[in-house]
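**Student:** Spelled out, the chains give:
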Amino acid sequence: MLVLSSGEGLRPRRLVIKDVNRCVGCQLCMLACSRRFAEVGFAKSAIHVRSAGGVERGFVVVVCRACKDPPCLRACPVGAITQRKGGAGVVVNYSKCIGCGFCREACVIGAVMWDDLSNKPIICTHCGFCIDFCPHGVLGLEEVC
Amino acid sequence: MSYIRYLSKVLYIDLTRKTFWVESREDLFSEWLGGIGVATQLYKEEIPSKADPLGPENAIIFAVGPFTMAYPLGSKTVAVFKSPLNGYFAESHAGGRSAAAIRLAGYGAIVIKGASERPLYLVIDGNKVLFRDAGTLWGMRSTETVGRVLRDATSGAGVRTIMRIGKAGERLVRYATVITETYRHFGRLGLGAVFGSKKLKALVIIGKGGFKVPNPKEYREVFKEIYETATKSPVMRKYHDLGTAANVIPLSKIGALPTRNFSSGNFEHAEEISGEKLAEHVLARRVACSGCPIACIHVAALREPYGDEPYFYKTTFISYDYELLYSLGSNLGISSREGLLKLIYAVEEEGLDAISTGVILAWITEAFKKGLISEKEVLAKPDWGKYEEYIKIVHNIIKQPNEFYKVAALGVHELGKKYGGEEFAIEFNKVEPAGYHTGPLFIASLIIGARHSHLDSGAYSMDQKLLKAGKPVPGVKEGFKMIYEEESWRQVLNSLVICLFARGLYKPEVVLKALRGLGYRFRSVDELKELGKRIYLKKHLIKLSEGYDPLKVKVPKRLLEVKTALGPVNGEYVRGIVKEYVTTVREESKKELL
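Residue numbers (our numbering), protein chains in the order written: chain A, 3 to 147; chain B, 45 to 638.
Read the hints as simulated data drawn from the structure, not as lab findings. The structure presented is a predicted model; accordingly, all values stated were derived computationally and were not measured. Misleading hints may appear alongside valid ones.
Calculated lysine to aspartate or glutamate pairs in the EDC-like style (CA-CA distance at most 16 Å, straight line) [as the list claims (entries may be wrong)]:
1) B:K297 to B:E269
2) B:K268 to A:E41
3) B:K256 to A:E41
4) B:K577 to B:E530
5) B:K276 to A:D134
Model the full structure from these sequences, guided by the hints.
**Tutor:** Right, here's the structure in full:
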């Protein structure tokens, strides 16, 4: 189910990691994210799952956390990144984006992914599509406050 | 690029010349789907029938298929190679991140041939292949450490596979494994020794790409449908909850849990090493392969105090599955969970196949107790349940300090041949079997199955269904047909490639629909089944060219003496099925030549 974060009558919502310890590392969220673009694989995914130094130590789920004052936005030299209405993440204007990668460097949690083909950033749009494909309740949507 | 064309890229790596190249093999991928279908053809092209399994002329072939990462549980990689354990065409599967990495690095298959003169490891990063020195990694005590070092030495956290061998592979133990992501294995038939013979310590593959599907809407719908069945259906429940370890108690109850070298099918301490008790006391985490919602990998935490200092502990993480609980547990009379986990850890550290190792330890124990071998050979005092002794033996299989251990490194068949006790050396065509003393169909399936594995046709489940339904054992022809049809169908599943735990999910009609969602034009289920039969036949013909004769495979006497869940097995019945198989294959191969 596609949930629009800026839908009418809805308070803007952001994707959250409810409990990372429930993550089993199946990466179905990554596959789901790419599937939105009619792709199989990880190339278009805005969410990333890796082990915390060996799978026995559990997993790390990296995704945009919709910062109130997003460093990626401030780092963009051409104004291609703007804040979504209500603060639910950012929007990239790909026509303006020159692919400099400053946004990626600015994000301390590494949530600005990179599309190697187009040489442009991929940032979570907080649509919530991946939630339906997380079998263990790691992901959820939360109202932005 | 069309879906098939994207899958059709084959990466060839020559370890002798340290070169690599890519070929488009649409010819193979359009006729044989992928996975085992394509790998079998590549084997035929690359490995001469007289090849020495440990010589540079052997090749390692990995293949994935159209369902890899495209659908839930399309999570496995097929490996084929000539087995150093029995000298024939061999196949072994593993999950972890291997399938994702190969597919998303842009390949349908990888062929590694030749041999390096010095230890190295390979890094496949998209279209680059790096040959890196592994001098420092060679001889390292634990496969876990090798993994840890390579995690730091390479990039691609989350989107890479780190396959590696232990000292078992380096020392050419014929049942050495290749370990991937610490807890998954290309376990059977000695792929680890083939890596070792090529001086290939590890293979890191980084795959973060993606590719378009032709019918996005249809594809997304089919994906969702399969995903929902996978997460909600009772078919997957057992793998989900207790994992395969759930089998311990039920199998012991029906007398099918091999105990103390297959001398009984009931283990009086089954409960102690059951999935239930393990979950209650030691289960620490569940982990999944890429693309699988089930998370069947059960990891236990073992907390041990150091004896020399108070309040000083270490915690190790050890994964368990049914096969290990049988081979290193009940079959060795081990009832201590802690002892069992320690033994599993030793086997993992060295990089040995757990099933083969357990069967060998069981033979050693019995031969020792019967006086065929003594402390002079074994350098330990093996006895049922004595895990400390078994751990010593495991390390000696790697060190090979004397003639006895040099033979032990070759497998249980060679031990029986040299020291006697062949009647209780449990093997089929030199392959130590999985743990199901269920009945005649399982035993027959181990002979006619292409890899002598319980996964060839899952006949252990057929035996159990007969028992449950209170039905008699079917006639020879019917029994053969059941095994043959199932093994043929599994060739399709293994070409797609899906995890066989999802076989109940991927019914023929579902497979057909899912293939259509990717733009494949199969007309009917029968067409798919026909393809499965042809793949099975091709594998068999390769083995025949290597000198294999199913009629010569002996059933270990022990297995005919100790009654199974379905009662004592009639050797003539088993032979009948094998004959039926030989006749069928002969007729089918005539058709294939036309």
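**Student:** Next, verify each hint and record whether it holds.
**Tutor:** Do the hints match the structure? See the list:
1. B:K297 to B:E269: violated (37 Å)
2. B:K268 to A:E41: holds (15 Å)
3. B:K256 to A:E41: Answer holds: B:K256 to A:E41 is near 4 Å, not above 16 Å.
4. B:K577 to B:E530: It holds: about 10 Å lies between the C-alpha atoms, which stays within 16 Å.
5. B:K276 to A:D134: holds (13 Å)
The structure is inconsistent with hint 1 alone, although it conforms to all the rest.
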